[in-house]
Structures are given as structure tokens and as C-alpha cells.
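Line by line, the protein sequences give chains A and B.
Per my numbering, residue 1 is the first one in the first sequence, and the count goes up by one each step.
Per my numbering, residue 1 is the first one in the second sequence, and the count goes up by one each step.
Derived from the structure by calculation, the hints contain no laboratory data.
Wrong hints could be hidden among the right ones.
To be verified - One-sided excerpt, in silico: chain B residues whose CB lies under 8 angstroms from chain A:
(1) LEU50
(2) TRP53
(3) CYS54
(4) ARG64
(5) GLY79
(6) SER94
(7) GLN99
(8) SER140
(9) GLY143
Just so we're clear, the structure is a prediction, and the values are computed from it rather than from any experiment.
All C-beta atoms, glycine included, are put in the ideal place defined by N, C-alpha and C.
Below are the chains, spelled out letter by letter.
2 protein chains.
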Amino acid sequence: MSTLVMKFGGTSVADLKRIENAAEKIAREHAAGHKCAVVVSAMSGVTNQLVAWCNELTVDHDAREYDAVVATGEQVTAGLMAIALQKRSINARSWQGWQAGIISTQAHGRARIQDIQSQPLLDALDRGEVPVVAGFQGISEDGRITTLGRGGSDTSAVALAAALKADRCDIYTDVDGVYTTDPRVVPQARKLKKIAFEEMLEMASVGAKVLQIRSVELAMKCGMNLQVLSSLDAPIGSELPGTLLVKEEDMLESHVISGVTCSKDEAKITLHAVADKPGMAASYVRPLANAGITIDMIVQNVASDGLTDITFTVPRTDLSRALKALEGANLGARDIVSDDKVAKVSVVGIGMRNHPEVPLQMFETLASNQINIQAIGTSEIKISVLIDEKDAGKAVSALHAAFELDKIA
Amino acid sequence: MSTLVMKFGGTSVADLKRIENAAEKIAREHAAGHKCAVVVSAMSGVTNQLVAWCNELTVDHDAREYDAVVATGEQVTAGLMAIALQKRSINARSWQGWQAGIISTQAHGRARIQDIQSQPLLDALDRGEVPVVAGFQGISEDGRITTLGRGGSDTSAVALAAALKADRCDIYTDVDGVYTTDPRVVPQARKLKKIAFEEMLEMASVGAKVLQIRSVELAMKCGMNLQVLSSLDAPIGSELPGTLLVKEEDMLESHVISGVTCSKDEAKITLHAVADKPGMAASYVRPLANAGITIDMIVQNVASDGLTDITFTVPRTDLSRALKALEGANLGARDIVSDDKVAKVSVVGIGMRNHPEVPLQMFETLASNQINIQAIGTSEIKISVLIDEKDAGKAVSALHAAFELDKIA
Chain A
1 MSTLVMKFGG TSVADLKRIE NAAEKIAREH AAGHKCAVVV SAMSGVTNQL
51 VAWCNELTVD HDAREYDAVV ATGEQVTAGL MAIALQKRSI NARSWQGWQA
101 GIISTQAHGR ARIQDIQSQP LLDALDRGEV PVVAGFQGIS EDGRITTLGR
151 GGSDTSAVAL AAALKADRCD IYTDVDGVYT TDPRVVPQAR KLKKIAFEEM
201 LEMASVGAKV LQIRSVELAM KCGMNLQVLS SLDAPIGSEL PGTLLVKEED
251 MLESHVISGV TCSKDEAKIT LHAVADKPGM AASYVRPLAN AGITIDMIVQ
301 NVASDGLTDI TFTVPRTDLS RALKALEGAN LGARDIVSDD KVAKVSVVGI
351 GMRNHPEVPL QMFETLASNQ INIQAIGTSE IKISVLIDEK DAGKAVSALH
401 AAFELDKIA
Chain B
1 MSTLVMKFGG TSVADLKRIE NAAEKIAREH AAGHKCAVVV SAMSGVTNQL
51 VAWCNELTVD HDAREYDAVV ATGEQVTAGL MAIALQKRSI NARSWQGWQA
101 GIISTQAHGR ARIQDIQSQP LLDALDRGEV PVVAGFQGIS EDGRITTLGR
151 GGSDTSAVAL AAALKADRCD IYTDVDGVYT TDPRVVPQAR KLKKIAFEEM
201 LEMASVGAKV LQIRSVELAM KCGMNLQVLS SLDAPIGSEL PGTLLVKEED
251 MLESHVISGV TCSKDEAKIT LHAVADKPGM AASYVRPLAN AGITIDMIVQ
301 NVASDGLTDI TFTVPRTDLS RALKALEGAN LGARDIVSDD KVAKVSVVGI
351 GMRNHPEVPL QMFETLASNQ INIQAIGTSE IKISVLIDEK DAGKAVSALH
401 AAFELDKIA
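Bound-form chain A, shown alone (with noise of 0.2 angstroms):
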């Protein structure tokens, strides 16, 4: 007998009819023996909702009420899966944050967990009860109802498997799995049975919208066996039907290169002819940092004549702003172009650790292909390429027939 807890996001519970399928699954991992506990994300639309009667009112609100107003979704949806449950001759009841014990910070609106008080809800799966915990929302030290940022609710599953020492955190979603890459830009992408918790993470920081990136954090640090599966198709067989996230030492044989992203929120900033001396680097950082404005890639070339050009990439709703904080630093550049249309394309693998040839691997791809790279970034599981942004389905789904994703069983 095993622990499980059973994440539902919006689109899982969007209406009573998901409701109660998603209700069929918990019955059915209920009946098949595992101590269940549920965590639910409010019905979508319903958050969308609530925030914009905050916004309405004054965009300058308390975060104190915001979270107050805003938490209620995910405690409708909890009580309503409790009686779906019911329903079904399972012996459920709806937990709030604050009645779970998930203690967080006072970081209104985008508080974190500090602690789950689990012994109740350890009790209760103990007396064969199924709690359904509603997402997204804590308790902070003085008493106020907290929430945890958008896509919290992937967080307060991760924290309570945790917590309660669960075997497994399933995440339903709207997608049965985590894909080699984007199946609507490229149809060969196939579904990953496995992939690294810093595989995920990379795959997520460059456009895969699967899990919260802050859940995939906390499950690797703790060690929890992670699943993304569809809330919407496909009974439970033998095997398990989505994508399990999992330790890197847990990937029994990996595959070189596990997917290729995709980003198209960068945009790309030269300084032509600034002094290479030192000091430079923070020279042109400092404007952007105080601006609040993160910097990616980032290319220096050679210098000539005491002058080098430098490459750097920064969100593209930042660029305008980018540009005015540079302008006002008097970097001594002989000009500073930009340039929005720019996509980031990158692959992504712990394999590579073990196969040196995948850069060249790639660029010769992307050169066969007639596609001029930018600028280059690495990580030590992942290279990325910024290229023209007119090229990117043409690298991506060269690039997935490269490193034979589409030949993944």
C-alpha cells in the first residue's frame, strides 16, 4: 500500500462533469489499495475572476485581501470534490490551507511553505479518509490566509507528498505528459516515460509550461517521484500513463538529448565598439540590474583596437526600457542596435554530459539548414542557440530528427 497525492489543476476541474472524473481516478487509486490525498486548483476561469474584481476596484490593493478574495476558488473546488467523493462511498472531507496546517510566509500573493503541520491529515489517511487540500494557499504566522503565486497549487501538492511522505505526486493536467518537444510545431514529437528533475527545469525556464518551476525545485530536492498525466483520457493500466519525473541516478538508460525548446520572449541587444577594459561587464549589468531587468545570453567578442562588440538577450516586453537604461549609463558605445525578432532554440539532455559531439552536433544541423546562429549559451545539460525568429520551426524540427527524438519508445 502506497501514499499518493493526486494533483488537479484548473482544467482538470473546470466544470462537475471533470469533477467528477477526476473524482473516477481518486476512486479508482482508492479502490485499488493507496492512501490518497487530494490537492485541487480552483476551476478555471474562477481565479481569472476573482483578480480582476480586485484589479478593478484598485490595482494598488492590499495583498492581505487579494489572497483572502482570491483563495476561495480553490476551497469551492475542494468542497466540491469531497462530496463527488462522498458520492462515491469514499470517506472524503475538504481541508483549507489553514485547516491542513500549511504554514507560509507573509509574502502576500506569492508567499512560500514553511511548514505543513501534517499529523491531521496523516491521521486522517490513516482512517482510510481521502482529504481533498485546497491549493495554492497557506496560512501565515498571524493568522491570514496566504497564497502562494500562480500555479502554487503544483507547489502545495510537492510540499504535501513531502510532507506526507507519499510514494508518488501525481500532477493531471491538460497534457497526458512532458513531449520532446512542442507536438503542435512538431507532429513527430513523441511522449518521455522519464525524465530528470534538471532536465525539467531547463526544458521549463525555456518555454515547456508543464509544472511550476518552483514545484520541480522543491520535488528534487526532496527526492519525490514526480507525474504529469492527463486528467482527461485513458484509464489506469499497469503501466503509468504520463511523464515521471525522477532523480538523475532513477534514469535507467538516458537518452542522449531528452528534448528541444523554443522561446520566443527574447530580444537580442548589441553595443558596438565599447572599451574592453575591466569592469566593462559591470558597467553595461549595473543599469539593467537596477532596472530590475535579467539578462541571459550573453556574448563578448575579441577584442580589436582595445574595442569589442557585446551580444546580450533580455525579455522582449523589457527591450524599450532596456535600451533607455543603457542610453543613460554612457557605456562610450559607438552604437547600441537591437533586435526583437530573435528566437531561442535549445536542447536539452544529461546524456550530453557523456557525448561531447552534441554541439557539433547541432550547429551542423542548424548549418545544413542554412540557419546563422547569434549567439550561443550553455549549461552543462543543455546548449542553446538564438537565431532569427523566422527560422525556429525549421531549427526545432530539424534538430528533433538530428538527435532521433522522434525514435524515442
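Since the structure of chain A is provided, determine the placement of chain B on it from the hints.
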């Protein structure tokens, strides 16, 4: 400086515009130097939606989960109202039932307030804050959310006013006070400046749906001044704009009659020629009581030949069940006839205690309008007659004029 509890019902907080409008009224009282505590209902329509969801899942839903779901309606309004007040530079915060220390019984869906641990709210008032309390809800001893039943926010407000030792409890609603009769039926109806609790109770029980009866009973018990007024119109002037409910001894000059009411919710049943013997009354009341059906007016005629006719009224919606229960009880009646085209018209007034001519005047008025009386019921401050439903409007108008209610200043 006085302490006020201001309660806003569902139509008074139906949307953001109305919430802002209510916030204006609170801001005005606050600026006038009063300590103000606010109680809010759910935005109108919200509770109905939440209840419908519970019922759609199963009509046999767990009342504890029902409470967790429907209590969110008031939680949302409380948060939004706090934001609307803060926007007006008022130091406001929302308090849910469990935060405000509103301890209730465990009778979920129809809980009663047992205690209000009011110190935190008193401290907040002393700091100049405006607490906005979610009405209709409390917390049981075992830490579950409870609700007080439909209209329970009125009760929340009165109980809170008592706990805070408020000088007055203002109930803002969609009518501007208590009228001598329904203004839609009798255009000459006048708004009462004052009404005694006892009168209001008699009027509420016969159709005036201005205040929840429990809240009036509670206010009477606590001696709390209770004002009914409109949230939609008129600024606050020197005079109280609504109707004030007061103790009988505080009615400086009481009218003989304060109101005429009409109820069409009843049906009449007559048992013809039943034996006139001890225990007869019990024999027909028992099957109805067993079926959970309430009897209102009862008329038993003088017996002749040891046989008598008995007439009584039951709620119209229970008529067919009542007839079935009576037929099954084998009462030995010659026949049982029923009529659901009846109306109960009542005159109410504490003044009638000292005016024995009231019944005569009532009966003469009806007689001169050719209205036949089918049954009569009385209390110390009320006389009710059962008449043909088609005569109801005429009877109310005639009585309203006869007792000069159109001349109340």
C-alpha cells in the same frame, strides 16, 4: 462617539459598483466619528450558484462540505469591501467567521451562533480600524466552517452588534424600511419610522420579508436597536432614514395598528362531522405532526349531535401530503374538504392591547366590503382572518384605510 454595526445584504453588494456605493456609506459614518464594524453577504446570485453546484453533484451532499463551499461567497465580498474601504483611506480588513471568533453549533447548514470571541475585533475598533466580517458563517468547535442558514447574515450582524456592545445595528437592504403594508398592493402604504420588535415578529411571520426572524428575536432579546434602511438611496441626514426596531417601551407614541399583512402561503382543510370527544384534536394533529407539517389557524365549531366540524390551515405546499396523512389516519370524518384559494390577512399592532374595539372594527370593515371570514386567529398584538384569495387585495386596502395607516407621519 458611538459604535455601529453596518450590514449589507446581497443586493447591496451585487456588483463592484454597489460595493463602492456601500463603502461610501461606511466612509461617511466613519468620517462622522463612529466606530464601524461591517458585515457583508455574498454578492447576489453567488450563493445560489454555489448551492446549485452542490445539489447537482448530489442532493444528499454532506452539509459540512456544503458549508465550506457556500461560505466562500461572503469571504469574497468581505475581501472586496476591505479593498474598497482602503481605497478611501480607511484602515479596513476582512475577517472570516473563523478569524472573527464566531463560534457556532455543529448543525451545519443551519448552525446557531454560540459565542463571539470579540476581543480581537474590539481591539481593531479601538485602533480605528473598520473590520469587515463575512456574514452567514462561523466555526464549529472542531474547526469546521459552518453557515447559519439562509438570511443568516442578519443574525451575524445582530450577534456581532451585541458582542461589540454597539449602539445600533443598521441593516442595509433593497427596501428603505418597514411599511404599513406592501406598497405594491396598496400605494398609500407608509414607511414606519419605528416599530416594536414584537410587531415586526408578527409581521415577518405573515409575509413581510425584510429581516430574518431570528435576527429580530435576537435583537429583541439583547435590546439592540436595529435599523432597516436602503443601501441604494438617500445620504445620511440628521434623522434616521430607515425604520428603527425598538423595545415596546421605547415606542413613544404607539399606533393602534402598525401594519396590515397578507399571506397566500396557506391552504384550508375542513373535517366534517367528526366525533366531539376528548382526544379528537390530538388525533388529527398527530398524523400531521408525524409528517412534519405545521398547523396554523384552527377553528372548531360548537358540536351538535355529538359531531363537530374542524377547520385548520397548513402550508399550501404541504396540502397534498397533509390530505394523504389525514386520510390514512382514519378519523371517522364524514368527509375531508380542502381549499387552497385562501388568503390570511392580519392587522398587527401593540396598541391593540389597549384598544378592544380593534377586532370589531376589523370585522365590520370586512363585512361592509362583502368579504366573508372563513376562520379567525388571534395573538396578543395580531388578528388574522382567513378569506377567499380573490378578496385579499380589497381586504388589505380597506383595512389599511379603516385603521388610518395612510395617515401615519
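For each hint, the structure was consulted:
{"no.": "1", "hint": "LEU50", "result": "holds (7 angstroms)"}
{"no.": "2", "hint": "TRP53", "result": "holds (6 angstroms)"}
{"no.": "3", "hint": "CYS54", "result": "holds (6 angstroms)"}
{"no.": "4", "hint": "ARG64", "result": "holds (7 angstroms)"}
{"no.": "5", "hint": "GLY79", "result": "holds (4 angstroms)"}
{"no.": "6", "hint": "SER94", "result": "holds (5 angstroms)"}
{"no.": "7", "hint": "GLN99", "result": "holds (6 angstroms)"}
{"no.": "8", "hint": "SER140", "result": "violated (12 angstroms)"}
{"no.": "9", "hint": "GLY143", "result": "holds (6 angstroms)"}
In this structure, only the earlier hint numbered 8 is contradicted, and the remaining ones agree with it.
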